[in-house]
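Two chains, each in its own frame: build the complex with the hints.
The listed protein sequences correspond, in order, to chains D and P.
For the first sequence, the working numbering gives the first residue as 33, with consecutive numbering after it.
For the second sequence, the working numbering gives the first residue as -9, with consecutive numbering after it.
Since the hints were made in silico from the structure, they are not lab data.
It is possible that part of the hints are untrue.
Taking lysine to any residue and the SDA-like style, the derived pairs with C-alpha atoms no more than 20 Å apart in a straight line are [as the list claims (entries may be wrong)]:
1. D:Lys76 / D:Ile183
2. D:Lys136 / D:Leu75
3. P:Lys(-7) / D:Ile103
4. D:Lys136 / P:Glu32
5. D:Lys136 / P:Lys24
6. D:Lys136 / P:Gly113
7. P:Lys105 / P:Lys161
8. D:Lys136 / P:Lys141
9. P:Lys(-7) / D:Ala161
10. P:Lys130 / P:Lys170
11. P:Lys24 / D:Tyr130
12. D:Lys128 / P:Glu49
13. P:Lys30 / P:Trp121
Bear in mind that the values here come from a model prediction, so they are computed numbers and not experimental data.
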Amino acid sequence: MAEKEALFSQKNRRLVFDPLNDDNPITVQVLGICSALAITVQLKPAIVMALGVMFVVVASNVIVSLIRNMIPSRIRIIVQLVIVAGLVILVDLILKAYLYDVSKELSVFVGLIITNCIIMGRLEAFALANGPWKSFLDGVGNAGGYAIILIVVAFFRELLGSGKLFGYEVLGHKGKTLMESTGLYHYGYENNGFMLLPPMALIALGILIWLQRSKNRKLIEA
Amino acid sequence: MNKNSNAYTFIFAIVLVVLVATILAFASEGTKEKRAANIKLEKMQNILSTIGLDLSREESGKVYKDYVKQELAIKEDGSVDTAVKAFNINLKNEIKKPISEQRFPLYIVEKEGKKMYVVPLYGAGLWDAIWGYLSIKDDKNTIFGASFDHKGETPGLGAEINQSWFEDQFKGKQIMEGSKFVSVKVIKGGAPQGDTHGVDAISGGTLTSNGVTNMLQERLQRYLAYFKNN
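Bound conformation, chain P alone (with noise of 0.2 Å):
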């Protein structure tokens, strides 16, 4: 057959393309259930980390039951929607919804015999997103750790707020004054001595730390209502 008639060069490409398809379809779905039991792992991890438990993957997603209590998805209004699996929300494509159709993610943890809330936080970096988990104790206030991580920020400048020396400021800060809700900010050139709502920011990564700061303002906002009424 000839190499360069029309007819040899379509059938070449047709052979070309399913061939390939069918084989990166075989490895897709031969890999399916082993890449989604990474994320829910690593979910597990990240939700455990924050309420001071530093485990593998496969640790956590073996005592997640014996300290994640509840896990609520919350309305705008603050009460709970019974009908959804608050684990299984997607906050990156919740968060395109409009408000009211929005679900807020609660998980309600036990450890030592002390209660507290873990709320899940999605947002933009610089380039692109960041997200975390923030738990905060049984005062609703005082927050008891924060763990975040980013998808695509500069190594070594944004990309530090998964490290543990940004995530550690955020331990003891309060997300209310009084009755008000003031979040906690990520202050260029350092929080001054005693702020119990800044943290430092992280030099060369200003866009990423503000990023940090309006995903808490943004996210924590949702949880008021809950909070109030319980």
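In isolation and in its complexed conformation, chain D is listed as follows (with noise of 0.2 Å):
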């Protein structure tokens, strides 16, 4: 190598933040998708979806970049994937003994992160022909942008399916009638129940990628 690149490079800044809007995982490049359907009906959950997403793919990026010139390509998916499982299994486990209640917040989907595409797509994609910095922008950035379409359609989801957020009742209280109701609900408001199926999950991140795809010039085809 010539001459050392800085950083924070344009280049390695390039890398934290095109996952975030042009070249989102979710949004375009569509991998994950079924995570970010199952568990976008509350916040809370999304949130620490997202932070457990963004460890397992950072490390994993880390961990594969740093020995991608040791592993055979012949078996290069199966050591990922033992890397990812392992790498789970550890979250896993820490957040039983020491967090217990988050990790009862997330029941399943922890063990789910193992199937997330976003994870193996980075690895073979970036990873194994990147060194371990570059690696990691790339991991925090497309974790980023994963965390950020889930947050967005949670937000949505939760508030007008269940007119709460992080599970307080933004929009007033919904009594047995409507003089006992406060907020919207006194006015006969009701919650879209729709919201919460996931369907909706589905038509939210349809309307998110096609509100994405009329404002950003970059992703608009001839």
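Right under this line is the structure:
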């Protein structure tokens, strides 16, 4: 290498910021959809899930990048899987021991991080061919892009579906009758229960993709 | 060494797997006690919460013995099996045994001089297991409190069974009609007013609600023989 690249050179910064919008793993690459649909009913689990994925993507990216020259290419997928699975089990054990309430909140979804396509996708597409620091940034960026979509979808689904944010009743309290209700419910507002069902997650995500594509010139196809 | 040779591939795979397995084994052993303690404390917390004590896990562990006077393992015929430690019964595994071999855990609790029975519940929801605890007053009929939880019910729908609005409905409901066991049912569309054996179901969570009904019916009947004799 002729010149040492700065830690936060423009190229490196793009690794973090591109996946947030232009190259978002969910809305543009359409990876990791399954978990984005499953756990976006409420904000809190969505955020914890995003943090869990962030840890696994970043750690596995760095580990695979460090040993990328040693991995026999014929079994590279299995090697990646073992590393990802090991990390996820580690996260699960640590949550169960030290953050028991959070681990209960996420229940089965922790284990399902293993199957998140973003993780294997980044390992295959990036970590196998780049150094640890770049892979680290790439992991942060892609997990960040995943997190943003998760949080936006969860925000609308929890707000419109159950009238709450983080479990707090932000639109007022719904009583048995109009007179007993406060806030919006007093005027006859009803929660849209449909928002809580999986099809609405897909539709919400579709609307997001549509909005992003109509705003972001880079994504407009000729 | 040739990276594409079979020998290298084998050695790499073995080294990697052994390494990962070792790390996980250490992590599992290292957190074992802490994880077991969490589960035990949570069980204590759940039992105490059905008798109206809202405590943290740590506090629950401290005061558990002050409230829970007896832990009984009940046999099918209503007699007590003294050889089994009731607190250690894992309902999830117990429920798979034939009825005659099952032992039904019952906690006898005393709060402010009043005797109460706490019955652990375990059953199937829509997606996965649901469980909970029910406290019954000294008359062996009136429900004092209930707490439910679930493994993976739909958030916002079936998952609402662990919310207080659902659990609180069970207070004051009765499991017996005269001397006949009728349990408490979760009724879709809402229980009629004054129904002592029904509570409102969760809209959109019908299958989980049915799961709660079945769980109560299935588990509570096991204790009738004991309640009758004591």
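A quick look at each hint next to the structure:
As the CA atoms of Lys76 (chain D) and Ile183 (chain D) are separated by approximately 9 Å, the hinted pair is consistent with the 20 Å bound. Between Lys136 (chain D) and Leu75 (chain D), the direct Cα distance comes to roughly 15 Å. Compliance with the 20 Å bound is thereby established for this hinted pair. A hinted pair counts as satisfied when its Cα atoms are at most 20 Å apart, and Lys(-7) (chain P) with Ile103 (chain D) qualifies at roughly 8 Å. At roughly 11 Å between alpha-carbon atoms, Lys136 (chain D) and Glu32 (chain P) fall within 20 Å of each other, so this suggested pair holds.
For the suggested pair Lys136 (chain D) and Lys24 (chain P), the alpha carbons sit about 15 Å apart, so the restraint of at most 20 Å is met. At roughly 18 Å between alpha-carbon atoms, Lys136 (chain D) and Gly113 (chain P) fall within 20 Å of each other, so this suggested pair holds. The hinted pair formed by Lys105 (chain P) and Lys161 (chain P) meets the criterion: a straight-line CA distance of about 16 Å does not exceed 20 Å. Under the criterion of a C-alpha separation no larger than 20 Å, the hint pairing Lys136 (chain D) with Lys141 (chain P) is consistent with the structure, at around 8 Å.
For the suggested pair Lys(-7) (chain P) and Ala161 (chain D), the alpha carbons sit about 16 Å apart, so the restraint of at most 20 Å is met. For the given pair, Lys130 (chain P) sits about 12 Å from Lys170 (chain P) by alpha-carbon distance, which is consistent with the 20 Å threshold. Of the pairs offered as hints, the one joining Lys24 (chain P) and Tyr130 (chain D) holds, with about 8 Å between alpha carbons and a cut-off of 20 Å not exceeded. Simply put, Lys128 (chain D) and Glu49 (chain P) have alpha-carbon atoms about 19 Å apart, close enough for the 20 Å limit, and the pair holds.
The hinted pair formed by Lys30 (chain P) and Trp121 (chain P) meets the criterion: a straight-line CA distance of about 15 Å does not exceed 20 Å.
Checked against the numbered hints given earlier, the structure satisfies every one of them.
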